[in-house]
Amino acid sequence: MNAPLLTFPKGGVHPREFKSLTAHLGTEVMPVPDEVDILLNQHFGAPCTPLVKKKAGVREGDLIGEVTQGLGANIHASVTGTVKNIGTAPHPIAVKAPSVTIQTDHDAELASYNHTDWTTLSREELLARIKSGGIVGIGGAGFPTHVKLAPPPEAKVDTLVLNGAECEPYLTTDHRAMLEHPDEIVEGAKIILSILGINECRIGIERNKSDAVEGLKKTVEKTASNGFHIHVDALEVKYPQGSEKQLIQSITGRKVPGFGLPFDVGVIVQNVGTTRAIYEAVVLNKPLYEKVVTISGKGIQRPANLLVKIGTRLRDIVSYLGGTTPDLAKVVMGGPMMGFAISDLDMPVTKTTSGVLFLTEDEIDTSSHGQCIRCGWCLDACPMGLSPNEVGIYVEAGRAEDTAQFGVFECFECGCCAFVCPAKRPLVQFIRLAKRKAKK
Amino acid sequence: MTETGSGLLAVSVSPHVKSGESVEKIMWTVVGCLIPPLVLSIFLFGFQTLLITLISVGSCVATEAISQKLLHRPITIKDGSAVITGMLLAYIIPPGVPYWMPILGGVMSIYVAKHLLGGIGFNIFNPALIGRAFLVATFPVAMTSAWLAPIRDGSVFKYMGSGVDAVSTATPLFILKHYGIAGLIDKFGSLSSMYGNFFIGWRPGCIGETSALLLLLGGIYLLYKGYITWHIPVSMIVTIGFLTWAFGGEKLFTGQPLIAVLSGGVVLGAFYMATDYVTSPTQRSAKLLFGVCIGALTVLIRLKGGYPEGVCYAILLMNPLTPAFEQWFRPKRFAPQKGAGK
Numbered sequence: 001m002n003a004p005l006l007t008f009p010k011g012g013v014h015p016r017e018f019k020s021l022t023a024h025l026g027t028e029v030m031p032v033p034d035e036v037d038i039l040l041n042q043h044f045g046a047p048c049t050p051l052v053k054k055k056a057g058v059r060e061g062d063l064i065g066e067v068t069q070g071l072g073a074n075i076h077a078s079v080t081g082t083v084k085n086i087g088t089a090p091h092p093i094a095v096k097a098p099s100v101t102i103q104t105d106h107d108a109e110l111a112s113y114n115h116t117d118w119t120t121l122s123r124e125e126l127l128a129r130i131k132s133g134g135i136v137g138i139g140g141a142g143f144p145t146h147v148k149l150a151p152p153p154e155a156k157v158d159t160l161v162l163n164g165a166e167c168e169p170y171l172t173t174d175h176r177a178m179l180e181h182p183d184e185i186v187e188g189a190k191i192i193l194s195i196l197g198i199n200e201c202r203i204g205i206e207r208n209k210s211d212a213v214e215g216l217k218k219t220v221e222k223t224a225s226n227g228f229h230i231h232v233d234a235l236e237v238k239y240p241q242g243s244e245k246q247l248i249q250s251i252t253g254r255k256v257p258g259f260g261l262p263f264d265v266g267v268i269v270q271n272v273g274t275t276r277a278i279y280e281a282v283v284l285n286k287p288l289y290e291k292v293v294t295i296s297g298k299g300i301q302r303p304a305n306l307l308v309k310i311g312t313r314l315r316d317i318v319s320y321l322g323g324t325t326p327d328l329a330k331v332v333m334g335g336p337m338m339g340f341a342i343s344d345l346d347m348p349v350t351k352t353t354s355g356v357l358f359l360t361e362d363e364i365d366t367s368s369h370g371q372c373i374r375c376g377w378c379l380d381a382c383p384m385g386l387s388p389n390e391v392g393i394y395v396e397a398g399r400a401e402d403t404a405q406f407g408v409f410e411c412f413e414c415g416c417c418a419f420v421c422p423a424k425r426p427l428v429q430f431i432r433l434a435k436r437k438a439k440k
Numbered sequence: 001m002t003e004t005g006s007g008l009l010a011v012s013v014s015p016h017v018k019s020g021e022s023v024e025k026i027m028w029t030v031v032g033c034l035i036p037p038l039v040l041s042i043f044l045f046g047f048q049t050l051l052i053t054l055i056s057v058g059s060c061v062a063t064e065a066i067s068q069k070l071l072h073r074p075i076t077i078k079d080g081s082a083v084i085t086g087m088l089l090a091y092i093i094p095p096g097v098p099y100w101m102p103i104l105g106g107v108m109s110i111y112v113a114k115h116l117l118g119g120i121g122f123n124i125f126n127p128a129l130i131g132r133a134f135l136v137a138t139f140p141v142a143m144t145s146a147w148l149a150p151i152r153d154g155s156v157f158k159y160m161g162s163g164v165d166a167v168s169t170a171t172p173l174f175i176l177k178h179y180g181i182a183g184l185i186d187k188f189g190s191l192s193s194m195y196g197n198f199f200i201g202w203r204p205g206c207i208g209e210t211s212a213l214l215l216l217l218g219g220i221y222l223l224y225k226g227y228i229t230w231h232i233p234v235s236m237i238v239t240i241g242f243l244t245w246a247f248g249g250e251k252l253f254t255g256q257p258l259i260a261v262l263s264g265g266v267v268l269g270a271f272y273m274a275t276d277y278v279t280s281p282t283q284r285s286a287k288l289l290f291g292v293c294i295g296a297l298t299v300l301i302r303l304k305g306g307y308p309e310g311v312c313y314a315i316l317l318m319n320p321l322t323p324a325f326e327q328w329f330r331p332k333r334f335a336p337q338k339g340a341g342k
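Which chain is which? The protein sequence lines are A and C, in order. Here my numbering is used: the first residue of the first sequence is 1, the next is one more, and so on. Here my numbering is used: the first residue of the second sequence is 1, the next is one more, and so on.
Among the hints, erroneous ones may be present.
What the hints assert, rightly or not - Cross-link-like lysine to aspartate or glutamate pairs, in silico, EDC-like; alpha carbons within 16 Å at most: (1) Lys-96(A) / Asp-344(A); (2) Lys-18(C) / Glu-17(A); (3) Lys-217(A) / Glu-244(A); (4) Lys-225(C) / Asp-365(A); (5) Lys-96(A) / Asp-346(A); (6) Lys-18(C) / Asp-264(A); (7) Lys-332(C) / Glu-410(A); (8) Lys-18(C) / Glu-410(A); (9) Lys-440(A) / Asp-402(A); (10) Lys-424(A) / Glu-21(C); (11) Lys-25(C) / Asp-365(A); (12) Lys-338(C) / Asp-362(A); (13) Lys-18(C) / Asp-402(A); (14) Lys-424(A) / Glu-24(C); (15) Lys-332(C) / Asp-380(A); (16) Lys-18(C) / Asp-362(A); (17) Lys-338(C) / Glu-410(A); (18) Lys-437(A) / Asp-402(A).
Claimed, not checked - Computed footprint of chain A on chain C, listed as stretches where at least three residues anywhere in the stretch have a Cβ under 8 Å from a Cβ of chain A: (19) 16-25; (20) 108-121.
Worth flagging that the hints you see were computed from the coordinates, not collected in a lab. These figures come from a predicted structure and were not determined experimentally. Ideal placement from N, C-alpha and C gives every residue a C-beta, glycine not left out.
Isolated chain A, as found in the complex:
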C-alpha cells in the first residue's frame, strides 16, 4: 500500500524535532505593529535603492525599493503609513543594512486584491508579475525567483521539484501552508510549470507531515490536471532532506555535480512557501510583503505560527506573544541547524525569515569544545562526502588556505558535522573561516 519512502543515501542526522510545539497551531494574524523596519536587502544580490523620501506617505503594497543593478528583487511597503526614516536596521547576516522605517496609520483601509485568470497570460507576463511582486526563495537564501525561473536556454529542464520537506527542527510554516492552502500551492505549481514549459512536478514532503502529504494528494486529485503531472512524494525524515541537492537526489535520483546548479540535471526546485507567494503575485497581483513565521522554543511564553508584516521587529512579536521566559538563552532566526543567532530584538522580519526560535539553556549546547579525537562521525554525517574533521584541524593549525582539498567550497553549512561532533567542535565556524582563506 505505502510506497517506500524516498531519501538520499549519504550522511544526514536526526535531530529532535520539537515541531509539536507549533505544528497544530493554525496560522494566526498578528495585529499590525506601530512601526516596521523594511530592510532593503532581503535577497541574494545587491541592496535595493529606496524610492521613497522621509515623511512620504505610502500604501500597503507600494513599491519602495527597486533593483538598480545586478541580481535583486523589489521591496514593497508592508503597511500603510508615513516614512519615518531612511536609515539602517539590524540585519541577521550583514549586522546592519539600509532600511526604510514606516510609521503605521492604523486607520487606513486594508489593501484588497482580486483574482485574475492567469492562464491567459504569456510566459513573459507571468515572469513580469513575479518580478514586480519582489518574489524570492523564502525558504532559504532569498534568490530572486524571476531569475531562477528563467534558466539559460541550454539547460534542459524537465522536472519541477517543490520542497515541502521542512527538515529543520521547530519550523512549521511550510507544514501550515500545505495544510491551509493546498489549492494555492497546486495552482502555484501549475504557474511555474507553465513558465518553464514542462509538465512534471514532484512535491517532496517529509513523512512527519503525513497530514500534509494526504491533503496535497487529495487536492491534486480533485483539481483538473490541465495536462500537468503533479505527484506528491513522502520522504524519510532525515536532516537535511530539504537541502536542494539532497532533495533532488531523493526524488529524482539525479546528482547535481559539484559547483553545479539544479538545472544542470534538468531540475528547478521551489519551496512550497515560495510557490504560494508566486500564486499570490500572479493570481492576486499581490507583492510579497507579509509572511508566516514560526515563533517557537521553550523561551517564548506562547509559541505560534504568525502571519506578520515584513519589517515587523522581533521585539513587537515577543510582546504580542506574552514575552520571553526567564531562562531564555539564545534567539535564532531560522532553524536551529542553519539559522543565525542574534543578539538584538530590534531585528526585523525579512522575506526569508522562516522562524524565530527562543531557546533555553536545556535546548542548546554551550559546552566548550575539545581536541578532535578523530572518531570520524562527521565524515559519516556529512551529506556531501567532505572531511570536516580535517578542515577543523587545518584551520586550528593555521593552514586554512590548504583546505580546498577537503571540499570546503562544496559545503553548504548544513551543520550535520558539528551536530554529531562529540568534542563539540565548531566545525561550521572552522569551515566558514576556511572558505574565506582557502584557494579554490
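Fit chain C to the known structure of chain A by using the hints.
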C-alpha cells in the same frame, strides 16, 4: 535586553543544537564495558588483579593531571580517557607482576606516548600498548613469566604476597609455540573443552584478556551505541582465524583458527585497542584493510617471530600508518565536480 532573565543572549555559529553525545560519554561507556572482565579476573587470578588495575588507573590519571599541569594544558582527567588507558594497560599485563610495575607503565603510556606527542587526538601510538611494550622491553622476565593458573577453589587471596616464581604457569600461546597442539591438549584437555573454557575466560593469560565472552558483550554494546564499527574487529579476527588455519598447522589448512582467536589478546585488542579513534583510520574501507593488516602481522609474529603473542606489536606497527590510510582513503564526494572528466 530587558526581556531576558540574564540580560544577555548567547550568539554562536550554527548549528545551535547538538546530538547529546560527548567525548566523556563515549569514554565512560567504554570504561563500563571493561568492568565485567575485571570482575572475572578477580575470581580467576585473585584479588591482586583489582589492585593492579586500580594502581594502573591511578598512575595514568595522576600522570595525566601532572603532564597537563607541566605542559600548561587544561586538565581533562574527567573525560575518562586516562582511566581507559589505565584499565587497558592493566588488562594486558600478567596477573603476577609486582605492584610498582603498572605505575611505571602508566607514566610511560600517558606522559610519553600521549602528552609528549600532543595529548588527546594527537598521539601516534595506542598509549596503553606503548606502556606494555615498554614494560616488556624493560622487565622481560616478569612480563613473560608472571602468569598464574586459574583459581579453582575460590580462594581469591591465594596469590597475594606469594613469590611469582613459585606459582607461574604457561599461557596457551606459549605452549602452542613450543610444544604444538599436542602439548596444548596435554595441558588443557580436549579441543572442545578448551573452546568452552577459553571462551568463558578460564585460562592463564593477561589480566583482562582471557574472557572472549565478556569482552564480546561489551564490544557488542559499543557497536550498538555506534561508538565503534564492526570493520576493524571483524576483519582482524577473521584474518587471524583464516591465516592460522592456513599456515598454523603442520601442513597447509590444518591450523586451529578458534584456539588462535580465543587465546592471547585477540578479542581485547580487536574491540578495544585496534578501534582506538585516534590511532585507527576513519573510513570504513580503510578500517577493513587496517584490521586485515593487524591480523596478518599478529599471525606473522605468532608463527615466525620470537614472541608467542603478536597482537600488541601488530597494532603498534599499524598505528603510525593511520595518517597514510587517511590520505589513501578519502570520503567519496556527493557527486563529481561540474565539467569533471570532460
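Going through the hints against the structure:
1. Lys-96(A) / Asp-344(A): Answer holds: Lys-96(A) to Asp-344(A) is near 11 Å, not above 16 Å.
2. Lys-18(C) / Glu-17(A): Within the cut-off at roughly 12 Å; holds.
3. Lys-217(A) / Glu-244(A): violated, 22 Å
4. Lys-225(C) / Asp-365(A): Violated. Lys-225(C) to Asp-365(A) sits at ~21 Å, over the 16 Å cutoff.
5. Lys-96(A) / Asp-346(A): This hinted pair holds, its Cα atoms lying about 11 Å apart.
6. Lys-18(C) / Asp-264(A): Answer violated: Lys-18(C) to Asp-264(A) is near 34 Å, above 16 Å.
7. Lys-332(C) / Glu-410(A): It holds: about 13 Å lies between the C-alpha atoms, which stays within 16 Å.
8. Lys-18(C) / Glu-410(A): violated, 22 Å
9. Lys-440(A) / Asp-402(A): holds, 9 Å
10. Lys-424(A) / Glu-21(C): Satisfied, since the Cα-Cα distance of roughly 9 Å is no more than 16 Å.
11. Lys-25(C) / Asp-365(A): Judged against 16 Å, a Cα distance of about 15 Å means the pair holds.
12. Lys-338(C) / Asp-362(A): violated, 43 Å
13. Lys-18(C) / Asp-402(A): Since the Cα atoms of Lys-18(C) and Asp-402(A) sit roughly 28 Å apart, the hinted pair is violated (cutoff 16 Å).
14. Lys-424(A) / Glu-24(C): holds, 11 Å
15. Lys-332(C) / Asp-380(A): holds, 11 Å
16. Lys-18(C) / Asp-362(A): holds, 11 Å
17. Lys-338(C) / Glu-410(A): Distance ~11 Å between Lys-338(C) and Glu-410(A) Cα, so the pair holds.
18. Lys-437(A) / Asp-402(A): Between Lys-437(A) and Asp-402(A) the Cα gap is close to 9 Å, so the pair holds against 16 Å.
19. 16-25: holds (count 9)
20. 108-121: Answer holds; 3 residues pass the 8 Å Cβ test.
In summary, the structure is inconsistent with hints 3, 4, 6, 8, 12 and 13 from the numbered list given earlier, while agreeing with the others.
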